[in-house]
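Peer 1: Between the sequences and the hints, there should be enough to build the whole structure, so can you do that?
In full-length UniProt numbering, the protein residues as written are 1 to 341.
Where hints are given, some of them may not hold.
To be verified - The calculated lysine to aspartate or glutamate pairs, modelled on EDC-like cross-linking and capped at a C-alpha distance of 20 Å, are: (1) K209 with D245; (2) K277 with E235; (3) K191 with D216; (4) K194 with D253; (5) K285 with E295; (6) K209 with E246; (7) K209 with E232; (8) K292 with E271; (9) K292 with D253; (10) K157 with D216; (11) K285 with E271; (12) K285 with E199; (13) K277 with E288; (14) K55 with E91; (15) K55 with D34; (16) K285 with D245; (17) K191 with D253; (18) K194 with D216; (19) K277 with D245; (20) K55 with D90; (21) K194 with E287; (22) K55 with E93; (23) K285 with E246.
Simulated from the structure, these hints should not be mistaken for laboratory data.
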Amino acid sequence: MVNRTKTATTNVGFTHEDFAKLLDKYDYHFSPGDIVAGTVFSIEPRGALIDIGAKTAAYIPIQEMSINRVDQPEEVLQNNETREFFILADENEEGQLTLSIRRIEYMRAWERVRQLQAEDATVRSLIFATNRGGALVRIEGLRGFIPGSHISTRKPKEELVGEELPLKFLEVDEDRNRLVLSHRRALVERKMNKLEVGEVVIGVVRGIKPYGAFIDIGGVSGLLHISEISHEHIETPHNVFNVNDEVKVMIIDLDAERGRISLSTKQLEAEPGDMVKDPQLVYAKAEEMAAKYREQLNAPPAVMEIPLPPVDDDYEVPDAMEEPEIPEEVVAEAVEATAEV
Numbered sequence: 001m002v003n004r005t006k007t008a009t010t011n012v013g014f015t016h017e018d019f020a021k022l023l024d025k026y027d028y029h030f031s032p033g034d035i036v037a038g039t040v041f042s043i044e045p046r047g048a049l050i051d052i053g054a055k056t057a058a059y060i061p062i063q064e065m066s067i068n069r070v071d072q073p074e075e076v077l078q079n080n081e082t083r084e085f086f087i088l089a090d091e092n093e094e095g096q097l098t099l100s101i102r103r104i105e106y107m108r109a110w111e112r113v114r115q116l117q118a119e120d121a122t123v124r125s126l127i128f129a130t131n132r133g134g135a136l137v138r139i140e141g142l143r144g145f146i147p148g149s150h151i152s153t154r155k156p157k158e159e160l161v162g163e164e165l166p167l168k169f170l171e172v173d174e175d176r177n178r179l180v181l182s183h184r185r186a187l188v189e190r191k192m193n194k195l196e197v198g199e200v201v202i203g204v205v206r207g208i209k210p211y212g213a214f215i216d217i218g219g220v221s222g223l224l225h226i227s228e229i230s231h232e233h234i235e236t237p238h239n240v241f242n243v244n245d246e247v248k249v250m251i252i253d254l255d256a257e258r259g260r261i262s263l264s265t266k267q268l269e270a271e272p273g274d275m276v277k278d279p280q281l282v283y284a285k286a287e288e289m290a291a292k293y294r295e296q297l298n299a300p301p302a303v304m305e306i307p308l309p310p311v312d313d314d315y316e317v318p319d320a321m322e323e324p325e326i327p328e329e330v331v332a333e334a335v336e337a338t339a340e341v
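Peer 2: So this is what it looks like as structure tokens:
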């Protein structure tokens with residue numbers, strides 16, 4: 001009889017489900033908004049696959065590779081490169097996460113812009129487009145807007161594309177995605193560094209409004225308010241000035257924070273009304289009158305002296321520590337009154 005020996009089958013006790021559970025046990029949990037380290041292991045025509053330690057490779061589309069325009073993934077990423085990625089979206093139906101570099105650059109750009117605004121820094125940027133309201137620039141990769149009223153140049157707006165301008169920050173609001181800048185304020189600040197209150201400058205009338213005249217002084221605009229034209233009452237600045245008139249004015253205030261220069265011809269009048277009667281006489285004596293203005297401006301404040309009343313030489317000042325003498329009869333009455341009580 002043939003002895004048949006059963007071959008024992010070894011039961012390893014480890015199934016595919018067990019393997020999946022083991023992977024889950026050591027798998028990291030990723031959420032949108034997390035910033036993780038990842039390694040590029042495959043670059044595709046419109047994106048790249050990134051190993052971030054998840055079960056499935058994460059994917060970054062080309063439009064999320066930079067805050068700036070990218071035409072080819074190789075402009076930003078290289079195979080085997082390790083860097084930070086922002087988890088933009090949760091797993092899709094295939095269990096794949098979507099990543100972004102642009103979002104990281106975007107957050108850091110706003111942080112840098114807020115810092116520049118806090119430092120009141122002047123930045124330079126090229127205008128890449130214009131529209132009816134103003135001009136568009138990029139600051140730290142973010143799109144910024146310069147209102148037309150804050151562009152100080154004689155060039156037509158359409159000719160400004162490609163021109164680099166110095167700029168100051170007017171508004172930085174990440175929540176509303178608003179980045180507003182001023183070319184005029186940057187120029188005024190630079191000009192202000194060379195100007196002084198009380199200084200006489202030559203300017204050209206560029207605009208006349210009911211409330212005053214705007215004077216161009218070396219590329220920046222100052223306001224000659226109607227109340228500062230003359231000591232004599234003036235109905236309208238048109239009675240004194242015409243556009244393109246060359247004038248001499250004195251600086252009476254420099255407001256760097258608001259980018260404003262206040263001017264005066266009234267302070268240059270030798271006699272009230274000279275600016276209305278004979279502006280050329282005012283211009284001829286401008287430096288002389290400005291010198292007097294500066295003297296008054298720099299003079300120490302007057303101290304008012306109050307005269308003391310005259311003192312009689314025969315008057316004796318009593319010793320403050322000496323007690324007055326009390327008559328004996330007054331003391332006796334006080335003792336009797338106390339005894340009766």
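Peer 1: Each of the hints needs a verdict: does it hold here or not?
Peer 2: Cross-check of the supplied hints:
Taken as a hint, the K209 and D245 pair is honoured in the structure, with Cα atoms around 15 Å apart against an allowance of 20 Å. At most 20 Å may separate the alpha-carbon atoms for a hinted pair to count; K277 and E235 meet this at roughly 14 Å. For the suggested pair K191 and D216, the alpha carbons sit about 12 Å apart, so the restraint of at most 20 Å is met. Between K194 and D253 the CA atoms are separated by roughly 13 Å; this keeps the pair inside 20 Å, and the hint holds.
The straight-line distance between the Cα atoms of K285 and E295 is roughly 16 Å, inside the 20 Å bound, and the hint therefore holds. Note on K209 and E246: the hinted pairing holds, with a Cα-Cα distance of about 17 Å set against a maximum of 20 Å. Taken as a hint, the K209 and E232 pair is honoured in the structure, with Cα atoms around 18 Å apart against an allowance of 20 Å. The suggested pairing of K292 with E271 holds, with an alpha-carbon distance near 14 Å, which does not exceed 20 Å.
In summary, the hint linking K292 to D253 is supported, as the alpha carbons are separated by about 17 Å, within the 20 Å threshold. Of the supplied pair hints, the one linking K157 and D216 holds, its CA atoms being roughly 19 Å apart against a limit of 20 Å. Between K285 and E271, the direct Cα distance comes to roughly 11 Å. Compliance with the 20 Å bound is thereby established for this hinted pair. With a C-alpha separation of about 13 Å, the suggested pairing of K285 with E199 holds against the 20 Å cut-off.
Distance check on the hinted pair: K277 and E288 sit about 19 Å apart at the alpha-carbon level, within 20 Å; holds. Restraint check for K55 and E91: the C-alpha separation of about 11 Å stays at or below 20 Å, so the hint holds. Between K55 and D34 the CA atoms are separated by roughly 17 Å; this keeps the pair inside 20 Å, and the hint holds. Restraint check for K285 and D245: the C-alpha separation of about 18 Å stays at or below 20 Å, so the hint holds.
A threshold of 20 Å between alpha carbons decides the hint, and for K191 with D253 the separation of about 13 Å falls inside it, so the pair holds. The straight-line distance between the Cα atoms of K194 and D216 is roughly 15 Å, inside the 20 Å bound, and the hint therefore holds. Between the alpha carbons of K277 and D245 the distance comes to roughly 16 Å, so the proposed pair stays at or under 20 Å and holds. The straight-line distance between the Cα atoms of K55 and D90 is roughly 13 Å, inside the 20 Å bound, and the hint therefore holds.
Of the supplied pair hints, the one linking K194 and E287 holds, its CA atoms being roughly 18 Å apart against a limit of 20 Å. Taking the CA atoms of K55 and E93, the gap is about 13 Å. The hint holds against a cut of 20 Å. Under the criterion of a C-alpha separation no larger than 20 Å, the hint pairing K285 with E246 is consistent with the structure, at around 16 Å.
This entry satisfies every hint, going by the numbered hints stated previously.
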